[in-house]
Structures are given as structure tokens and as C-alpha cells.
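Asks: Residues per chain are reported as follows:
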Amino acid sequence: MSGGINIADLAGHVKDTYSFHFPWGHWEIPQVLQTFGVSKYVLLELGAAAVMFAVFIPLARHICGGKPAKGRFWNMFEVFLVYLKDDVIVPSIGSAKEAAPYIPYLWTLFFFVLFCNLAGMLPWMGSPTGSAVVTGVLALITFTVVTAAGMKHHGTVGFWKGMVPHIEGKIAGIDIVKILGPFMFVLEVFSFFVKHVTLCIRLMANMFGGHLMLAIFAAFIPMSAWAIYIWIPITVCAILASVAVSFLELFVAFLQAYIFTFLTSVYIGMSIHQH
Amino acid sequence: MTRHLYSAVTLISVAVLLAVMPQSIFAADEHGGGQTSLNPLEWASNTAFWSLVIFVIVFALLGKFAFRPIAAALDAREQGIADKIAAAARLNEEAKDLMRQYQDKLDASRDEVRQIMETAKKDAQRVADTIVEKANAAAVQERERSAKEIESATASALQTIAERSASLATNLAGRMIRAEVKPEQHRDLINAALQDFVKS
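Just so you know, the sequences run in chain order A and B. Quick note on numbering: the numbering used here labels position 239 of the first sequence as 336, and the sequence is numbered without any gaps. Quick note on numbering: the numbering used here labels position 118 of the second sequence as 975, and the sequence is numbered without any gaps.
Just chain A, with the same shape it has in the complex (with noise of 0.2 Å):
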């Protein structure tokens, strides 16, 4: 690497870690904390959590009974909820009855994956949803509603012999069900895993790559620091690159945490209306 920078220290602020890297200094998680496992992403996700519980308790007291919100903040979450439930999730389900039990858990996902993904764009923190642990303990807990879902509806056997599609005609008299159905449930049963591993990986995939992206702007720095004429141009369209990726981070924050909350959606409505 020239001018002594190591690509893997510069992607450090991508990854999950014991500590918190500040220009002034490091600073480590407690001892006894890292003893249990906690680390920089898992405070981070507590940070969100501690927003959503901030954000929203208080908005459940100025709403309750019917009341209109009052003031531009308060409103500002109200529209995204309403949203959700009225254009996001109630459309990908089927009805508002039958939406009605998973609107509290894809509203929870909806923010948890939004404020993760946006602790990523302050000054020093992180995505914890850069992490594919992260993402595949969500899209492992969305595959557990999904499947609950679906078993729900159609009872444990109903929801798994669902997933053949039927199809009539019969080959040598004998139906063709009966012949694809074994090759068919094997292969709709992996797609229905897979579905939810693409929802782990596109998530991931996202905010890892872009604040790589980012990271590699900011490295165009120091490693043309040896020679004065060409740092100063490269700073220049180093900053600049890094303003823009920034805003574009900023939309892909909002835009991955509706894509997961959209498809968990649409896989809850699909286990539901098997067919």
C-alpha cells in the first residue's frame, strides 16, 4: 500500500470491534463487557434500540385515543408509520385483518434496521447492519415470523405441502404431481430458505459497500501525501466524493430498511396466500 496504509485498518470502521476509534484517541469497551460478548456493533444496536424506545412510547402517549399528533416531530414518525401500514404492508399481505398482527413487529424492523443503518453515517460509529451476523439475525427472526406465519394459516403440514404448486394433467396416467411434487417441494423449499439468506446478504452487502466506499475515498488521502501537487487535487475530489457517497449512503440507509421491511412483507403475505 503506498504511503504506509494498511486497506484493512482503513476498513476497521466497517467492521465490528472491541473499541471506538476517535481522532483524539481509542477508546475500548470495559473488560467486563467484552467478557460477555459485547461489542462496539451489539452498543450500537443498543443505541438504537434505546431511540426506537425514546421515539416512539412517547408517540404512542401524544396519539392514543384517536389524538392527532402536534408538532412537525411527532408527525414525522407518524407519517412513516402510516405509510408503512397503509402503502407498504397491508398491500403486501392481503388485507388490514389480516395484516394487522405483523404491523408491530415489521414497524420494529422497519426502525431497528433504519437506525442501525444510520449510525453508520455519524462521525466515528458504525452500521451495525454491515455485518452479516447482524443481518442474518434479523432475516433468521423474518424467517421465523414467515414460517410461523404460513403454519398459522394452513397448519404445520398444510403450510409445507403448500409450497408444491398444484398443476393437473397426468403423464402415462399417472399425475404429474405425483411425479414433480417430490422434485418440486425440494426445490421451493430451498428457494424459500434462500429468499430470506438474499435478505441477510442485500442488506449487508449495501451498507458494507458503501462505507468502504467511503473509506477508500478517505484513503486517497495519506497515500498521496508524498508528493504536495498531486495531494492537493486528490483531497479535493477525495472530499467531494466522500460529501456525495455520503448523501448517497443517507438514501440507501432509508431505501434498505424499506426493501427489508417491503420483502418480509411480501414473504409474510406469500406464506399466508400460498399458490
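Incorrect hints may appear among the rest.
[What the hints assert, rightly or not] Chain B is faced by these chain A residues, among others (derived, beta-carbon under 7 Å):
no. : residue
1   : S136
2   : L140
3   : G144
4   : A146
5   : F153
6   : I160
7   : V234
8   : I268
9   : F290
10  : I325
11  : W328
12  : P330
[As the list claims (entries may be wrong)] Dumping the calculated EDC-like pairs for lysine to aspartate or glutamate here, alpha-carbon to alpha-carbon at most 16 Å:
no. : chain 1 : residue 1 : chain 2 : residue 2
13  : A       : K194      : A       : D183
14  : A       : K194      : B       : D954
15  : B       : K1056     : B       : E1020
16  : A       : K164      : B       : E1020
17  : A       : K267      : A       : E285
18  : A       : K164      : B       : E935
19  : B       : K941      : B       : E951
20  : A       : K167      : A       : D183
21  : A       : K164      : B       : D940
22  : A       : K275      : A       : E265
23  : A       : K194      : B       : D932
24  : A       : K164      : A       : E175
25  : A       : K249      : A       : E195
Since the hints were made in silico from the structure, they are not lab data. All residues carry an ideal CB built from backbone N, CA and C; glycine is no exception.
Using the hints, position chain B against chain A.
Replies: What follows is chain B alone, placed relative to chain A:
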């Protein structure tokens, strides 16, 4: 329904926790020490464990104290707005009905006023005609009565003249019989008789 879903999520979460916990708790050194790699798929059981715990707790607490009350409040508000819209539509229909009824009454009143005016005109014309006819009849009667009175007065006057003339002639004849009358006396007698006639 929601309770069953929560139970299912909780049960599966506990199963996952049991699966990852033995190697996650007290496994801080697994990727600690500031060593980093560029593999974003690197697994860290401790982060998975705490992520699962944090999310499940957030879901459980916010679901109970925030999101379910918020969903209920939004539903209540939606229902309230729908009720108000329905009530407004009903009131609007009632107002339209009332408006229609008032318009009908107004139209009926106009027709009634028109009929009253026409009837009044006809009555007034009839009364006027009656008055004129009565006046004409009265005038004719008055004229006839006046003519009769004139006729009666004329007849009476003529009768009086005749009676006077007869009386005068009788008187004159009596005088002429009782005395010899010269032409001058004769003329004076006639004049005197005429003057008496005029005076009477």
C-alpha cells in the same frame, strides 16, 4: 392471533439462543483485540446472540407499550374520520332533502300567491262591475222617478191652471152678468182678472 405469533417467535428465538449461547458468551476474544479482516461474512456468535436478544426485547417492549397502542390509536382515528365523513355525508343528504323541500314549498307558495292575485283581480273586477251596474240602475231609477215627478207636477200645475181659469171665468162671468160694462171697464176687468191670475 398475535399472541400465538409472539409465542412462536419466542420459542424459536429461545431455540436459536440455546444453539448459539454456549459458544457466544465468554467468547469475546474470538474477533477482539483490534484485529480486523475484510471478510464481511465473518461470523461472531456473541454479536449474533446480543443482536437477537436486543431485537426480541425491543420488539416485545415496543410492541406492548408503543406499536400496538399506536396501531390502535391510528385505527381509532381512522374509524373516527370515517364516522365523521359518513355523518357529514348523511347531514349533506339531509340538508339537500330539506333544501328540496323548502324549494318545493317556495314554488308552491309562488303558485299560491299567483292564484290569490288572479282570484283577487277577478273578484275586484266582479265587484267593480256590480257597483257600476248598481249605479247605472240607480241612475235610471232616479231619472225615471224625476221624470214621473216632473210629469206629476206638470199635471198638477195644469190642473191648477184649469181650476183657476174656471174659477176666474166664473167670477168674471158673474161680474159681467151683475153690471153693465163699458169697453174700458171691460178691458179693466180683464186686466184685473189677469193680475189676480198672476198673483194667485
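Asks: For every hint, state whether the structure bears it out.
Replies: Hint-by-hint comparison with the structure:
Evaluation of the S136 (chain A) hint against chain B yields a held restraint, the C-beta minimum of about 6 Å falling below 7 Å. Hint on L140 (chain A) is violated. Least Cβ distance to chain B is approximately 9 Å, over the 7 Å limit. Look at G144 (chain A): its Cβ only gets to about 10 Å from chain B, farther than 7 Å, so that hint breaks. Interface restraint check for A146 (chain A): the shortest CB-CB distance to chain B comes to about 5 Å, inside 7 Å, so the restraint holds.
At a threshold of 7 Å, the smallest CB-CB gap from F153 (chain A) to chain B is about 4 Å, leaving the interface hint in force. The beta carbon of I160 (chain A) comes within 4 Å of a beta carbon in chain B, closer than 7 Å, and the hint placing it at the interface holds. Interface hint status for V234 (chain A): upheld, as the beta-carbon distance to the closest one in chain B is roughly 4 Å, under 7 Å. The interface hint given for I268 (chain A) is broken, as the beta carbon of that residue sits about 39 Å from the closest beta carbon of chain B, more than 7 Å.
Annotation: interface hint on F290 (chain A) violated; nearest CB of chain B at approximately 15 Å, more than 7 Å. This hint is violated: I325 (chain A) has a C-beta 31 Å from the nearest C-beta of chain B, more than the 7 Å allowed. Against a cut-off of 7 Å between C-beta atoms, the interface hint on W328 (chain A) is violated, since the closest Cβ of chain B lies about 26 Å away. For P330 (chain A), the suggested interface contact is broken, since its CB lies about 28 Å from the closest CB of chain B, more than 7 Å.
The suggested pairing of K194 (chain A) with D183 (chain A) holds, with an alpha-carbon distance near 12 Å, which does not exceed 16 Å. A hinted pair counts as satisfied when its Cα atoms are at most 16 Å apart, and K194 (chain A) with D954 (chain B) does not qualify at roughly 37 Å. Note on K1056 (chain B) and E1020 (chain B): the hinted pairing holds, with a Cα-Cα distance of about 15 Å set against a maximum of 16 Å. Between K164 (chain A) and E1020 (chain B) the CA atoms are separated by roughly 125 Å; this puts the pair beyond 16 Å, and the hint is violated.
With a C-alpha separation of about 21 Å, the suggested pairing of K267 (chain A) with E285 (chain A) is violated against the 16 Å cut-off. With a CA separation close to 11 Å, the supplied pair K164 (chain A) and E935 (chain B) stays within the 16 Å bound. Taken as a hint, the K941 (chain B) and E951 (chain B) pair is honoured in the structure, with Cα atoms around 15 Å apart against an allowance of 16 Å. For the hint linking K167 (chain A) to D183 (chain A), the alpha-carbon distance of about 21 Å lies beyond 16 Å, and the restraint is violated.
With a C-alpha separation of about 15 Å, the suggested pair K164 (chain A) and D940 (chain B) falls inside the 16 Å cut-off, and the hint holds. At most 16 Å may separate the alpha-carbon atoms for a hinted pair to count; K275 (chain A) and E265 (chain A) meet this at roughly 11 Å. Between K194 (chain A) and D932 (chain B) the alpha-carbon distance is near 11 Å, which keeps this suggested pair within the 16 Å criterion. The hinted pair formed by K164 (chain A) and E175 (chain A) meets the criterion: a straight-line CA distance of about 12 Å does not exceed 16 Å.
Between K249 (chain A) and E195 (chain A) the CA atoms are separated by roughly 12 Å; this keeps the pair inside 16 Å, and the hint holds.
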